Amino acid sequence: MLNVIDYVPGNTLLHRLNPVTKLALAAAIIAATFLASSYAALVGLLVFTLALGLYAGVIRQLAGLLKVLVPVALIMLLLQVVFVRGGAPVAGFVTDEGLYTGGKACLRLLGVALPLILMLTVTKLNDLANACVEKLHIPYKYAFTFTTALRFVPVFSQEMNAIMEAQTARGVEFDTKNPFKKLSLMLPVCIPLLVTSVAKTDSTALAAEQRGFYLRTRASSYKRYPFRACDAAAFALCAVLIALGVLL
Amino acid sequence: MQSPSASSVTAPRPGSPDPAAPAQPIIQLDHVSFSYGRGARRAVDDISLAIAPGEFVGVIGPSGAGKSTLASLMSGAIPHHYTGELYGATLVEGRDTCDVTLTDISRIVGSVLQDIDAQMVASVVEDEMLFGLENFGVPHQHIEKFITAALDAVGIADLRQREIATLSGGQKQKVAIAAILALAPRVLVLDEPTAALDPVSSETVFEILRALNRDEGITVVVIEQKVALLSEYCDRILVLNEGRLTLDGTPREVFAHSGELRAIGVDSPRTARISNSLAAAGLAPAGQPCLTVDEAYELVAGVVGASGGVGATDKKNTSYGARPAPVSPAASGAPAPAVAFEHVGFAYPAGGAAVTDLNLAVYPGEVFALIGQNGAGKTTATKLLNGLLQPTEGHVTVAGHDTRTTPVSVIARYAATLFQNPDRQLCKNTVLEEVAFGLELQGVNVVEAHERARAVIGRFGLPEDASPFSLSRGQRQMVALASVVVLKPQVIVLDEPTSGLDYRECMTVMQTVREMADAGSAVVMVCHDMEVVSDFADRAAVMADGRIIGCGTLDEVFANAALMERAYVAPPQVAALSARLAQGVSPAFANISEVAELVETVRRLAAERAGGPAAGGAGSAAGPDAGGASAAASLAAAPAGTAGPAVEKHAQEDADA
Numbered sequence: 001m002l003n004v005i006d007y008v009p010g011n012t013l014l015h016r017l018n019p020v021t022k023l024a025l026a027a028a029i030i031a032a033t034f035l036a037s038s039y040a041a042l043v044g045l046l047v048f049t050l051a052l053g054l055y056a057g058v059i060r061q062l063a064g065l066l067k068v069l070v071p072v073a074l075i076m077l078l079l080q081v082v083f084v085r086g087g088a089p090v091a092g093f094v095t096d097e098g099l100y101t102g103g104k105a106c107l108r109l110l111g112v113a114l115p116l117i118l119m120l121t122v123t124k125l126n127d128l129a130n131a132c133v134e135k136l137h138i139p140y141k142y143a144f145t146f147t148t149a150l151r152f153v154p155v156f157s158q159e160m161n162a163i164m165e166a167q168t169a170r171g172v173e174f175d176t177k178n179p180f181k182k183l184s185l186m187l188p189v190c191i192p193l194l195v196t197s198v199a200k201t202d203s204t205a206l207a208a209e210q211r212g213f214y215l216r217t218r219a220s221s222y223k224r225y226p227f228r229a230c231d232a233a234a235f236a237l238c239a240v241l242i243a244l245g246v247l248l
Numbered sequence: 249m250q251s252p253s254a255s256s257v258t259a260p261r262p263g264s265p266d267p268a269a270p271a272q273p274i275i276q277l278d279h280v281s282f283s284y285g286r287g288a289r290r291a292v293d294d295i296s297l298a299i300a301p302g303e304f305v306g307v308i309g310p311s312g313a314g315k316s317t318l319a320s321l322m323s324g325a326i327p328h329h330y331t332g333e334l335y336g337a338t339l340v341e342g343r344d345t346c347d348v349t350l351t352d353i354s355r356i357v358g359s360v361l362q363d364i365d366a367q368m369v370a371s372v373v374e375d376e377m378l379f380g381l382e383n384f385g386v387p388h389q390h391i392e393k394f395i396t397a398a399l400d401a402v403g404i405a406d407l408r409q410r411e412i413a414t415l416s417g418g419q420k421q422k423v424a425i426a427a428i429l430a431l432a433p434r435v436l437v438l439d440e441p442t443a444a445l446d447p448v449s450s451e452t453v454f455e456i457l458r459a460l461n462r463d464e465g466i467t468v469v470v471i472e473q474k475v476a477l478l479s480e481y482c483d484r485i486l487v488l489n490e491g492r493l494t495l496d497g498t499p500r501e502v503f504a505h506s507g508e509l510r511a512i513g514v515d516s517p518r519t520a521r522i523s524n525s526l527a528a529a530g531l532a533p534a535g536q537p538c539l540t541v542d543e544a545y546e547l548v549a550g551v552v553g554a555s556g557g558v559g560a561t562d563k564k565n566t567s568y569g570a571r572p573a574p575v576s577p578a579a580s581g582a583p584a585p586a587v588a589f590e591h592v593g594f595a596y597p598a599g600g601a602a603v604t605d606l607n608l609a610v611y612p613g614e615v616f617a618l619i620g621q622n623g624a625g626k627t628t629a630t631k632l633l634n635g636l637l638q639p640t641e642g643h644v645t646v647a648g649h650d651t652r653t654t655p656v657s658v659i660a661r662y663a664a665t666l667f668q669n670p671d672r673q674l675c676k677n678t679v680l681e682e683v684a685f686g687l688e689l690q691g692v693n694v695v696e697a698h699e700r701a702r703a704v705i706g707r708f709g710l711p712e713d714a715s716p717f718s719l720s721r722g723q724r725q726m727v728a729l730a731s732v733v734v735l736k737p738q739v740i741v742l743d744e745p746t747s748g749l750d751y752r753e754c755m756t757v758m759q760t761v762r763e764m765a766d767a768g769s770a771v772v773m774v775c776h777d778m779e780v781v782s783d784f785a786d787r788a789a790v791m792a793d794g795r796i797i798g799c800g801t802l803d804e805v806f807a808n809a810a811l812m813e814r815a816y817v818a819p820p821q822v823a824a825l826s827a828r829l830a831q832g833v834s835p836a837f838a839n840i841s842e843v844a845e846l847v848e849t850v851r852r853l854a855a856e857r858a859g860g861p862a863a864g865g866a867g868s869a870a871g872p873d874a875g876g877a878s879a880a881a882s883l884a885a886a887p888a889g890t891a892g893p894a895v896e897k898h899a900q901e902d903a904d905a
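Residue numbers (this note's numbering), protein chains in the order written: chain Z, 1 to 248; chain E, 249 to 905.
In short, the hints are calculated from the structure, not lab data. One thing to keep in mind: the hints can contain errors.
With a straight-line cut-off of 25 angstroms between C-alpha atoms, the simulated DSS-like cross-links for lysine-lysine are [as the list claims (entries may be wrong)]:
id: 1; chain 1: Z; residue 1: K141; chain 2: Z; residue 2: K223
id: 2; chain 1: Z; residue 1: K223; chain 2: E; residue 2: K393
id: 3; chain 1: Z; residue 1: K181; chain 2: E; residue 2: K676
id: 4; chain 1: E; residue 1: K393; chain 2: Z; residue 2: K200
id: 5; chain 1: Z; residue 1: K181; chain 2: E; residue 2: K631
id: 6; chain 1: Z; residue 1: K67; chain 2: Z; residue 2: K181
id: 7; chain 1: E; residue 1: K676; chain 2: Z; residue 2: K182
Note that this is a predicted model, so its numbers are computed, not measured.
Kindly produce the complete structure, drawing on both the sequences and the hints.
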C-alpha cells in the first residue's frame, strides 16, 4: 500500500536539510508559483519541484499524487474555459483568454500541492515537529496535533478500507460502477469510522499524557536541528525563487 | 482534566501494615468504587487489594467485570483522564492518586493500552522510544543507553529504524512495551496485550514480561483472557465479576474453583478441568489443580498406572464413538461442496502475504477451521472466499458461483461473514435496523425483514431499540452475529469470531455457529484459540507461508506433532496431553480432544486397574454420547444467551462432582 505522504528514507542533500529549511523551500516554491505570471516560470517551477523529487528518490510518490491531481486540474481548466468569456473565440465556446487563464490555474494547483508533498516525503514527522518547536518556537502542543493528524491519515484510511470490505461482504454494493451511488453508500459508513476515530484520539491523548506530554519543553528533544552551510544556501535559493517569481 | 468528585473519604488508611508483610505495597486499593458518570452502574465496586513490589499479577473476568477500569485506576487514568464518581482511595507508592498528577503517577506506573495503534505517538520506532524519555527530562547523555537497553530487553533492536505502520501486531506490541520500559517504571499495567496476537506471539510477550519481572524486579499487572498463559506465568490471579473482586490467590488456588469460575463466565485451563473432575471423582487430591500438561500427565499416569497395553482394543470405540459429528462428509460421497478452492493462488500487488495452490472443499453441515500463525495467509483465504479478493490463479466456487465472475454483493447472498471487529460491520441506528439490513440488501421487503430480524433478536436476548454502538463489546459481536444468522446463508465465514469475547460470550457465539452448521450451513472459520477449534470444528486445514500443509479431521491434525510444529501452532492442552498419555501410559488415550472424554477414559482405566472393569466402562460410555445427543436436541430450542453442548459438557463435569 503506497501512501503519498509516507516518509521515504534516503540520504540525499534534500533529506539532510534542516526540516525548517525544507519547509521554507516548499513555501518559497509555493510563493513563487503564486507570484509568477508567465507560463515559462510556472512550468519551470513545476519542473524544478519534480527534479528535486527525482533527485530525492520520491518521484513515485509525486507521480502517484499527480495521478489524482491532474484530473482535478483538468476539471478546473474546463470550468475556467466555460466561465471566462473574454478574448477571441478559438472553437465553439472556447476563448483564447479562457484557455490562457485556465491553464495557469491548473499549473498553480499542481505547483502548490507538489512542493508540500515533496517536503513531507523527505522529512520524518517527528523531526518536522521538533525542528519547528526548536527553531520557529511553535508550542509543542500544536506541533504534536499537526503530526498526529498526519499520522492518523493512513490509520484511518486503513480503517475505512476495512469497514468498506466488511460492508461489501454484507452485500452493500460498493462494487457498483456508478460513482454517485457509491458515494451515497459511503455516507452511512462514516458513522463507524467516526466512532472509532473519536475513541482512538482519546486513547492517544491518554497515552501521550502518561508519557509526560505536559512536561515537554523546547529543550526536551534529544535530536538537535542546527542550521548548517547547506541550509544557508537553501535559504538563499528561497530568496532567489521568490525574486524570480516577482520578476517573471 | 480534573475529576469532579475525587474522593476525600479516605477510609481507614492502612498506614500500619501488618508486620508480617514483606514490604509496603506498591499499589493499594482501599474500598474503591467508580462509576462513569453520575448514577451509572458502578464499573468497580468496593475493591480492596494490595500489590506488593515484584509480583506478577493476572486479572481475569467476564466482559463488563471492570477489568479495564481497574487498570485505569492503577495507572491514574482514573481520576485524571476519565471522569465519574470515585469513592475510596488508590495509593501508588503510598500516595493517593487523586493528590498526584497523572504525569507523576506514570513515572511509577507505566501502562500499555488495549488499542495499540492509539498508544503510538510517533511514526518511527526510535521516535516512539524517545518521546517519553525526552519528556521526562532524562539527561541526553543517558538516553541512548536507555533506548538500547529497552529494545534489547524486548528483543527488537533490529526494528529501531522501522516505520511503525509496517510492523505486525506482535511487533507493535513489543514496541509499545519497550517504549514504556525505557522510562524504567516500577510497575507495568497491561490491558489485554495479546488480544490480537497468535499463540506464539502471545507466549513471546509473556516471556518478555516474565523476564522483566524476574530480572528487573518490575511489578507486572496484566489483564488477560487466555487462562493457559495466566496460569503459567502469574504468581497471583485476581478474578473480577460485576465490579467486585471474586477470587484472589495463586493460580492453583484460583483454578481449583473451576466450577465457580465457569458460573461467572471465566474459563479454566483444560488441565485444571481434568484434574478437578478427577478430584471430584475421588481419583485425585482436591484443591490441587494441574496447571500444565506435564503436571496433568504425572497425575493421570499416577492414577491409571503405567499399565501398558490395557484397553488398547477399546481404543476405536471410545475415541470415535464419542464424536457425534460426521467425521468427513467427503467420505460419504454425497453432497456437492458449498465452498471449493481449486489450485487457488493470490499475491497482493504491493507484496506481502500471498497464498499459493490452495485446494479445499467444505461441505454443508461442517465446521471447517483454518489454523496457522499470523501471516500464514488465513485471512487472505477468507477474503478469497467471500469475494473481496479474486484469485490470480485457479478458481474459488461458492455455492456454485465462481467468485471471478460474480460481484461481491451477489456472493454476499450465499456467504455471510462475521468479522473480528464488529464495529466495522455495524452502521445503523438501532439493533433492529442493523439485523434487518442484510435481508433488505438481499431484496426482502422491509416488513418481512423486520419480522425475521425480531425473531432472531429475541432469541439472542438483545435490546431491539438500542443503538448498537451503546452496547458492550460482547453484545456488539452478538448483534453482528445476529445479522449473519438472520440471513440463513449457505456459507458462513468467521474471521477470529471469539477474540475480545469472554468465555461465556465465546461459547454462545460458537454454539450458535455450530447450530447453523447442523442446520446445513457450511462454516469456514479462522481462529487462534485452539481450544475453541477443538471444541467446535470438524475438520481443519493447517496453513504456513501461504500454503496448506495439512488437512484432515481435528484428531488427525492435532495428533500430527510434526505438522503442528511446522505451522508454529501449539496443539490444545487436551490433545497434547492425550498424545503423551497414549505414548507413555495407555493407547486408549489416543486421539482424545475433549476434557470429558479424557476423564472418562481415566475413570475406566482406573476402574479396570482396581479390578472392576464393568462398572466404570458401561456408565462412562453414556457420558460423552449424552452430550452429543443434547447438542442435536438443542438445535430446535435455540437458547438465548446460554451455551449448548459445550456448556452441557461442563455441566456434566460438575455433575460428576
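Discussion item. Taking the earlier hints as the rules, which of them does this structure contradict?
Written reply: The structure breaks only hint 4.
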